[in-house]
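S.K.: Sequence:
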Amino acid sequence: MMNGLSAHALPPWARATVLALVLVALVLPNAGCSVFGGDDDEPQPADLVKFKPTIRIKKVWSASLGGDSESLRLALQPASDGARVFAAAHDGKVSAFDAEKGKRLWRQKTKLQLSGGPATDGDVVVVGSSNGEVVALNAADGRQRWRTKVSSEVLAAPAIAGGVALVRTVDGKLTALDLTDGRQRWFVQQLMPRLTVRGTGAPVVIKDTVFCGFDNGKLASYSLADGSVGWEVLLDPPAGRNEVERLADINSTIRAIGEDLYVVGYRGQLASVAAESGQVLWSRDVRSYEGLSVDLQNVYVSGADSDLSAMLRQTGSDLWKHEQLMLRDISGPTAYRNSVVVGDFEGYVHFFDTATGELQARVRAGSDRVTSPPVVVSETIYVQTDGGDLAAFRQLAK
54 MMNGLSAHAL
64 PPWARATVLA
74 LVLVALVLPN
84 AGCSVFGGDD
94 DEPQPADLVK
104 FKPTIRIKKV
114 WSASLGGDSE
124 SLRLALQPAS
134 DGARVFAAAH
144 DGKVSAFDAE
154 KGKRLWRQKT
164 KLQLSGGPAT
174 DGDVVVVGSS
184 NGEVVALNAA
194 DGRQRWRTKV
204 SSEVLAAPAI
214 AGGVALVRTV
224 DGKLTALDLT
234 DGRQRWFVQQ
244 LMPRLTVRGT
254 GAPVVIKDTV
264 FCGFDNGKLA
274 SYSLADGSVG
284 WEVLLDPPAG
294 RNEVERLADI
304 NSTIRAIGED
314 LYVVGYRGQL
324 ASVAAESGQV
334 LWSRDVRSYE
344 GLSVDLQNVY
354 VSGADSDLSA
364 MLRQTGSDLW
374 KHEQLMLRDI
384 SGPTAYRNSV
394 VVGDFEGYVH
404 FFDTATGELQ
414 ARVRAGSDRV
424 TSPPVVVSET
434 IYVQTDGGDL
444 AAFRQLAK
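Numbering-wise, this note's numbering puts 199 at position 146 of the sequence shown, and it's gapless, one number per residue.
Honestly, the hints are just simulated from the structure, not real lab data. Hints may be right or wrong, so weigh each one.
Computed Cβ-Cβ distance ranges for the label pairs, DEER-style [stated by the list, open to error]:
id, residue 1, residue 2, range
1, Asp134, Val282, 27 to 33 angstroms
2, Ser330, Lys105, 26 to 32 angstroms
3, Lys111, Ala278, 42 to 48 angstroms
4, Arg109, Ser330, 42 to 48 angstroms
5, Leu101, Phe240, 44 to 50 angstroms
6, Lys164, Lys112, 27 to 33 angstroms
7, Ser370, Gly311, 24 to 30 angstroms
8, Ser431, Ala278, 48 to 54 angstroms
9, Gly311, Val282, 21 to 27 angstroms
10, Glu95, Phe240, 39 to 45 angstroms
11, Gly135, Ser281, 30 to 36 angstroms
Below, simulated SDA-like cross-link-like pairs (lysine to any residue); rule was C-alpha separation at most 20 angstroms, straight line [unchecked claim]:
id, residue 1, residue 2
12, Lys374, Asn351
13, Lys202, Trp239
14, Lys260, Asp358
15, Lys202, Asp261
Glycine is no exception: its CB is placed at the ideal position from the N, C-alpha and C atoms.
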């Protein structure tokens with residue numbers, strides 16, 4: 054939830070400035086004049102370096118979704134059932150495309166300001182809006198199945214499992230909606246701090262259990278059937294002299310490999326957690342706004358200053374760190390074949406070697422920022438820009 058601090062709506066260098074100014078204002082009320090002096094020393098995004106590509110990446114198709122959300126940093130990213138790709142625009146349009154060729158199969162106008170999703174199970178497509186409405190569409194033709202109201206703004210993609218759509222809202226609620234008619238099956242709510250960073254992570258389902266992170270620094274598990282609590286763990290206890298220092302949001306989506314969960318918090322805690330018990334297997338001090346990705350070997354994290362790091366999944370030990378994209382406002386990472394992929398504030402998409410961190414390739418999805426992590430479906434990686442461009446890329450044989 055957002056109460057007076059729009060840090061997540063800014064690029065990282067601006068977020069850092071906002072947080073610093075708020076902190077100084079809280080701690081040193083009379084220091085305002087000196088704080089707002091010249092901006093000669095303001096850090097700038099790194100320039101893109103020239104390099105020799107080591108893999109070939111081809112844009113296989115692209116489409117315009119409409120609905121520019123460049124200033125809003127929304128959690129709009131494509132979803133797929135394998136054969137089709139579904140994508141939503143902030144202006145309310147939801148589209149379906151043939152995953153292979155990019156042919157638009159249908160487009161539905163919801164007349165909402167969409168802010169989270171879509172999610173799909175191949176039968177239904179679910180999106181959430183800024184005013185707290187959730188809409189379910191038929192995946193086959195886009196016709197509306199149902200529309201319902203939840204408690205507040207939806208800033209993360211729903212999760213679909215067990216006949217329900219699980220919707221996380223900015224007021225700390227997790228709500229299960231029946232996929233048939235949209236009625237509420239159950240909800241849970243965490244007590245939220247007064248000041249939080251705008252944004253929420255999507256819930257994740259493993260078998261019959263739902264996992265969700267919250268703005269109070271807690272990670273919790275719930276029964277998919279009725280929402281009963283399995284366990285809660287406080288990953289990042291709020292600490293500090295004021296509300297800015299005590300920010301402890303878990304805003305990025307949890308990732309899972311087997312029975313292990315991986316989660317990173319706003320203030321600086323990256324952890325591996327046992328899904329069955331909530332036991333913390335290992336933790337590291339890592340600050341991230343945008344989140345992480347995992348594969349069988351490694352964990353990849355987009356850092357608060359747009360550094361990209363890799364750690365061994367089993368132990369959390371450092372593998373490599375790449376700093377050539379500093380302050381380029383990179384997206385959360387996505388593992389793709391032997392690469393880890395991020396977008397940046399100018400629409401560039403960067404491919405790094407998972408083993409060494411070396412830059413392998415660079416392509417462009419559009420001219421606007423890539424906020425949400427790219428999405429991999431089979432051999433294709435899909436990237437949505439905040440300007441409403443959707444691009445599909447594929448690695449070619451050498």
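S.K.: List in ascending order the numbers of the hints, as given earlier, that are violated by the structure.
M.R.: Hints 2, 7, 8, 14 and 15 contradicted; others consistent.
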